[in-house]
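Student: The letter at position 842 of the sequence shown is residue 842 when you use my numbering, and the numbering goes up by one with no holes.
Simulated from the structure, these hints should not be mistaken for lab results.
Yeah, the Cβ is synthetic: ideal placement off N, Cα and C, and Gly gets one too.
Treat the hints with care, since some could be wrong.
[What the hints assert, rightly or not] Computed Cβ-Cβ distance ranges for the label pairs, DEER-style: (1) Trp253 x Gly584: 34 to 42 Å; (2) Lys772 x Ala644: 53 to 61 Å; (3) Pro769 x Ala554: 40 to 48 Å; (4) Asp325 x Asp492: 20 to 28 Å.
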Amino acid sequence: MRIRLTFGLSLVTAIVLGACQTTVSVEEAKQVSTEFSKGAFVPPPRTITDISAILDQQKTTEAEKTRKHRERIAKAAPSTNNPSKLARFYWKKGGSEARLGKSDQALTDFRKAASYLPQAKLRPKDRHGILKSLAQAEAGSGRFLDGIRIMEKAIEVLPSPVAYRSLVRLYIVAGNFKAAQKARDRGKALIARISGKRGGLPPEARAKFAIEGARMDIEIFQAQGQWKKAEARLRDAITLFKSGIGEEKNPSWLPMQKTNLAKILLKQGRLIEAEVVAREGLLKVLSTVGRNNGTTADVARKLAEVLHAQGREDEAEKLIRTVLDIHKKIGTRASSRKAAQASRLLGTILVAQEDWDGAMVEFDQIRSNLQSNRALFKKMFAHSPALSVALIRTGRSEEVLAMLPHIYEKAKKRAGKKQFNTAKLGSLLAMAHAATDKPREALVHFREAVPILLTRSRQADDETTGDTTSETWISLILEGYIGVLTDIRGSDLEAEFELDAAAEAFRMADAARNRSIQRAVAASGARSLAGTPELADLVRREQDAQKQISAQYAVLADVLGAPTDQQDADVVHALRVQIDALRGARASMMNEIETKFPEYASMLNPKPDTIEEARAVLRPGEALISTYVGRERTFVWSIPAEGAYAFAAAELDREDLEDLVGLIRSSLEPNAATLGDIPPFEVDVAFSLFDELFVPVESGWRDAKDLLIVAHGPLGYLPPALLPTEPVALEPDDGALFSNHRDVPWLIKSHSVTMLPSVASLRTLRSLPAGKKGRKAFAGFGDPIFNASDAGTRPAETKPAAGQTVATRGIPVHLRAAPKTAGLNDAGIGDLPRLTDTAEEIRSMALALEADLTRDVFMGTNANERTVKTLDLSGYKVLAFATHGLIPGDINGLAQPALALSSPDVANVDGDGLLTMGEILSLRLDADWVVLSACNTGSGRGAGAEAVSGLGRAFFYAGTRSLLVSNWPVETTSARILTTDLFRRQAEKPDLSRAQALREAMLGLVEAPGYVDAEGRIVFSYAHPIFWAPFSLIGDGGGHRPTS
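Go ahead and model the full structure; you've got the sequences and the hints to work with.
Tutor: See the structure below:
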């Protein structure tokens, strides 16, 4: 049962936030969403095939402008002493060099141009242009203060709104926000003076000046991390451009601003919207300036960043390689900032793909290309873990130990050892020490850094926290720590540090497993909790503060990376004061959340349990088995309710387990059309897995009768109940097909099995109060309609016909359809296959629980979003959703796990037909069971298992005690028998636990005669696990029948 909490913000928090609050007003929020509220939001296609096709088809000849720039650069200086002509020559030459990424030569030539200004007789506009170009080039080389000084001179020569915007930017890069705001005010005052002159301005000029004023605001809002305000002002600027200037006047302007808008949306975690905007920008620039153009490269790089943030690494890699090809075609120097940024992104994507060798090829090439610009290389990689991780994983840890200690010590002095970026550097040092067989040094750094990395209130210090690469290196760090702890067990080092190494490794494993769900909950939390206004407001402000801190740390890092003569000590001090104030305010908000809303806080920032804390919630007869699958080893703990725990590290890496589990699953999801297509179960492979993982720790679980298992990685999509506990060979069938599987010593014969999303989740679930009295027995949703053509279809007859004479193995078998969108470039909810057989399954469950079929069963178009969201679901003991479970990427625009309901076009309701994880979080339940009987946790090489984990955590947060989830496309009849028998047993035996009821139902199928046809013949046995083992119980398996 959900307990609603209310609170009042503390006075201290309110006072602190007075200076740093960034939540926009209601009116501003309305303006932010204007563009997307004008019509239904159309999600992007699920792949970038459409864009790739355009890029591949575009001509690859050099652009005309590039040729002209090359000719200007090659042209010799005029043989004259005329300073005006020489100034103009070097100015234009520098401009061409800058366009082609030749930043060093551009700076040299801009300086030459400026050197002629004292003697030159140039009009103010040209003097201003030369100084402005030089100022930007100086700042680009890291000489921020010189750039500011020169830009102020350019404004003295000829004040202009564009120059003031550049000055605002330069002050921001130098970290001087106060001066940036003053420059903005001066620039806006200039605009007001010009606009107020007699006769006014032409509409186009007025629009240009208004846009410059908006862009000054945008610069400041972005630097401060006020992304919502920046978005609102940028949308204003885009509207002004479209109405007052027109795209034909400046074809590249709109695509570049779309790129900036995509960046702003990305910073807010709005990944799908960011993709839509970046796509629009890229398609627009391709249609105007073509493939081989610098603007095209810039916009395409931003889309690649968005795809990378979504975890779509293969597509991101393809696109960023195209960007690098464009730079090569247009002659961009490999040593330029833009080329280096593109190469760095490619290397980072390869790190996320764990292609360590490929990543090092890119990073080594960048290092070589930037030999003459070490400052840029240092700025790009000093605090980025990607290079260090790739070096460590390719056996080059000594290079990390030569490079990082100096940077780490500087970071400790500059920001303190408890700051997130400092801890990140320390953890990378720990990994390098571990890789070079220095466990003592590794342990010191791990123990100092890891607690900070696991504290979400510290993560705001890191601008990259939350993207896929960040998750890769944090999992590597935790895995490295677990490895060191495993290796020092029983050693003098373990005693010296007063450690129980295996117990500490147990905590780290739970922390590592929790991260993906923690990230998903954090991303959707504020939106999904709109029903709790106080919490929603507090969470939103906490997230805003996090973004501000990230942005200001990025500015501070830029300032401190500049040459010492280009740093202003007062500015650095002011930045640190601002960051400390924001961190203090955010810490107060996190404390408020943890005090007033501990349930939400535990989801957002779960604290890993110790072994003793986990043991404390076990009941007599239970044992906990926890697994963690690493890149090199698999770690297993077993903890009985009483007695010593057991720990083992198996020499099975993630790839090994993926292969083993995939081989076992091949006999469980064979895409069979007939019974003969179903292969015998892989009993020998399944036993080898059991022997490697469960036997070494059996002292901790063998005497129990109920096993609670936390499965990780590939193990998450294989139900342990079907593992044989002894070596066995299948004999020939002695009767009905598959009857030879009946005598296999399955684990389910000796133990019930319950799966847990995490160790800590059991404690949370068992602290829930009893369900309230008066709840109805059951509500079920099934057979949703995904498109109009399916609306009139009826379930097909799947039973063997009476008197059928064909051989048993040729009899058709009906395995439930799974989503098959992997081969589609563009897939929506209408492309999902209908699940007509789920209607009978829902009705059977309803009858077993004596539910009202006319009131509590929702089929076809009634199984829709509106029904789910408006029905009082807290009034039901059992809820069932017999529909597809989807993962991000299954259909267009899907960014989080979801359940598919009837299409809104067919059901004539609002929404998108998807019940997403964020929407489930906002439901209010008081359920003993939630049944998800068409989810497929085997999809995506484990991604489906993570989807169920995400959906499960959401349902648990919403208020259910357990989930029953299918692991593969089930056979219709056996699935119906199993679920019906499960609830019948619970109804008949009030003291039977959920786990034991499922165990008995499974064994009932194994031991039953099998499928009997209309003439009373046994056609086949249900003893094959494909029939009896498709469902896993997730959550609290120790409860009894659904009762008050």
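Student: Report the numbers of all earlier hints that the structure fails to satisfy, in ascending order.
Tutor: Of the numbered hints, 2 and 4 do not hold.
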